[in-house]
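Engineer: Take the sequences, apply the hints, and build the full model.
Residue numbers (the working numbering), protein chains in the order written: chain S, 1 to 85; chain B, 1 to 234.
If you're looking for bench data, these hints aren't it; they were derived computationally from the structure.
For each residue, glycine too, the CB sits at the ideal point set by N, CA and C.
One should not assume that every hint holds.
What the hints assert, rightly or not - Simulated restraints, written as ranges between beta carbons of each label pair: (1) 3(S) <-> 208(B): 49 to 55 angstroms; (2) 33(S) <-> 131(B): 33 to 39 angstroms; (3) 211(B) <-> 45(S): 28 to 34 angstroms; (4) 5(S) <-> 139(B): 56 to 62 angstroms.
To be verified - Listed next, the in silico EDC-like pairs over lysine to aspartate or glutamate satisfying Cα-Cα at most 20 angstroms (straight line): (5) 82(S) <-> 231(B); (6) 53(B) <-> 73(B); (7) 139(B) <-> 231(B); (8) 85(B) <-> 8(S); (9) 53(B) <-> 231(B); (10) 77(B) <-> 8(S).
Stated by the list, open to error - Output of the computed footprint for chain S on chain B, the stretches with three or more beta carbons under 8 angstroms from beta carbons of chain S: (11) 106 to 114; (12) 136 to 144.
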Amino acid sequence: MNGISGQDFILGCSAIGAGLAMIAGIGPGIGQGIAAGHAAAAVGRNPGAKSDITSTMLLGQAVAETTGLYGFAVAAILMFLKPFS
Amino acid sequence: MGGISLTGEPDFMIHGVHRFTMFGQELWITTTTIGMCITTIFILILAVIAHGKLKRATEVPGTVQNIVEYGAEMLEKMIGSVMGKNGGKFFNYIGTIFLFILFCNIGGLFGLRTPTADFGVTFTLGVFTFLIVNYQGIKNRKIRHFTSLFEPFPILFPINLIGEIANPISLSLRLFGNMVSGVILMGLWYGMMPIFVKIGIPSFLHVYCDLFSGAIQTYVFCMLTMVYVNDKME
Chain S
1 MNGISGQDFI
11 LGCSAIGAGL
21 AMIAGIGPGI
31 GQGIAAGHAA
41 AAVGRNPGAK
51 SDITSTMLLG
61 QAVAETTGLY
71 GFAVAAILMF
81 LKPFS
Chain B
1 MGGISLTGEP
11 DFMIHGVHRF
21 TMFGQELWIT
31 TTTIGMCITT
41 IFILILAVIA
51 HGKLKRATEV
61 PGTVQNIVEY
71 GAEMLEKMIG
81 SVMGKNGGKF
91 FNYIGTIFLF
101 ILFCNIGGLF
111 GLRTPTADFG
121 VTFTLGVFTF
131 LIVNYQGIKN
141 RKIRHFTSLF
151 EPFPILFPIN
161 LIGEIANPIS
171 LSLRLFGNMV
181 SGVILMGLWY
191 GMMPIFVKIG
201 IPSFLHVYCD
211 LFSGAIQTYV
221 FCMLTMVYVN
231 DKME
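Structural biologist: In structure tokens, the structure reads:
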């Protein structure tokens with residue numbers, strides 16, 4: 001541990017924290033995948049309603065994406081704004 | 001993007017360009033401001049051209065007239081599908097923010113620092129939505145706008161209140177997060193990759209981060225604004 005100042009230690013811990021925060025990306029990925037899969041099934045069943053289904057799917061996916069973006073915001077703040085150092 | 005320098009450190013932050021003081025407050029003109037000004041001027045030029053063409057509209061539309069009519073019809077259809085008969089009143093506002101956000105998002109493709117990758121810009125747009133929603137709520141539902149916070153049980157009031165206040169924040173954070181993730185990705189790619197992958201390959205990233213993501217987020221922002229407003233219309 002010699003030669004590692006408190007500043008460096010905080011910087012390293014911030015990087016680890018940013019990596020952990022991006023675990024939040026798992027949830028939206030699964031959710032968007034499920035939404036896209038069901039939309040594909042719906043188009044297969046009723047090809048005439050393709051545009052309606054697509055717009056509904058995109059809206060739902062964008063809302064589901066929000067939680068992932070919260071995780072991304074935390075990670076970006078930890079990495080680039082360095083609030084603890 | 002901010003960081004189109006072919007050598008050196010990754011660069012995707014907002015930079016101050018000019019500093020001035022007003023009422024004892026230190027203010028900055030940043031790269032975001034410049035990007036917004038250029039975008040606004042571009043939209044104004046487009047509007048003048050479209051206006052001039054439509055003044056001399058012909059029975060058989062030419063190229064420019066066709067594009068303008070197609071765009072207006074697309075917007076009209078999008079607004080009508082959500083708001084129905086209330087759509088006419090909000091066509092101006094929704095059309096304006098649609099064009100503004102769309103061109104701001106695409107601006108990253110032309111070397112500007114994407115203006116919507118600044119929380120100040122997106123939060124302002126979110127606050128506009130919040131104000132319109134509450135104005136329409138008070139105008140159309142009178143006292144019921146406030147009593148509906150106590151439904152279905154009065155004990156749920158704090159949760160309902162947080163849900164109302166969280167709307168503009170999540171709306172603006174969604175747009176901001178999507179655009180800033182694109183800016184950071186492109187900045188890192190241009191700043192840290194060896195020189196031979198900076199040619200050609202970034203174009204695919206630009207198509208995804210700027211065009212695809214930007215268009216989707218524009219659509220989602222306008223759609224959610226209309227949904228929130230439409231909830232308060234009856």
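Engineer: Decide, hint by hint, whether the structure agrees.
Structural biologist: So, going through the hints one by one against the coordinates:
Restraint check, residue 3(S) to residue 208(B): a C-beta distance of roughly 42 angstroms breaks the suggested window 49 to 55 angstroms. Checked against the hint of 33 to 39 angstroms, the C-beta distance between residue 33(S) and residue 131(B) comes to roughly 36 angstroms, which is consistent with it. Taking the beta carbon of each, residue 211(B) and residue 45(S) are about 31 angstroms apart, inside 28 to 34 angstroms as hinted. Checked against the hint of 56 to 62 angstroms, the pair residue 5(S) and residue 139(B) passes, with Cβ atoms roughly 60 angstroms apart.
A distance of roughly 40 angstroms separates the Cα atoms of residue 82(S) and residue 231(B); the hinted pair therefore is violated under the 20 angstroms criterion. Between residue 53(B) and residue 73(B) the alpha-carbon distance is near 16 angstroms, which keeps this suggested pair within the 20 angstroms criterion. Between the alpha carbons of residue 139(B) and residue 231(B) the distance comes to roughly 13 angstroms, so the proposed pair stays at or under 20 angstroms and holds. Restraint check for residue 85(B) and residue 8(S): the C-alpha separation of about 60 angstroms exceeds 20 angstroms, so the hint is violated.
In summary, the hint linking residue 53(B) to residue 231(B) is not supported, as the alpha carbons are separated by about 37 angstroms, beyond the 20 angstroms threshold. A threshold of 20 angstroms between alpha carbons decides the hint, and for residue 77(B) with residue 8(S) the separation of about 56 angstroms lies outside it, so the pair is violated. Chain S is given as covering the region 106 to 114 of chain B, and this is violated because 0 residues of the stretch bring a CB closer than 8 angstroms to a CB of that chain, at least three being needed. Counting residues of the region 136 to 144 of chain B whose beta-carbon sits less than 8 angstroms from any beta-carbon of chain S gives 0, not enough to reach three: the coverage restraint is violated.
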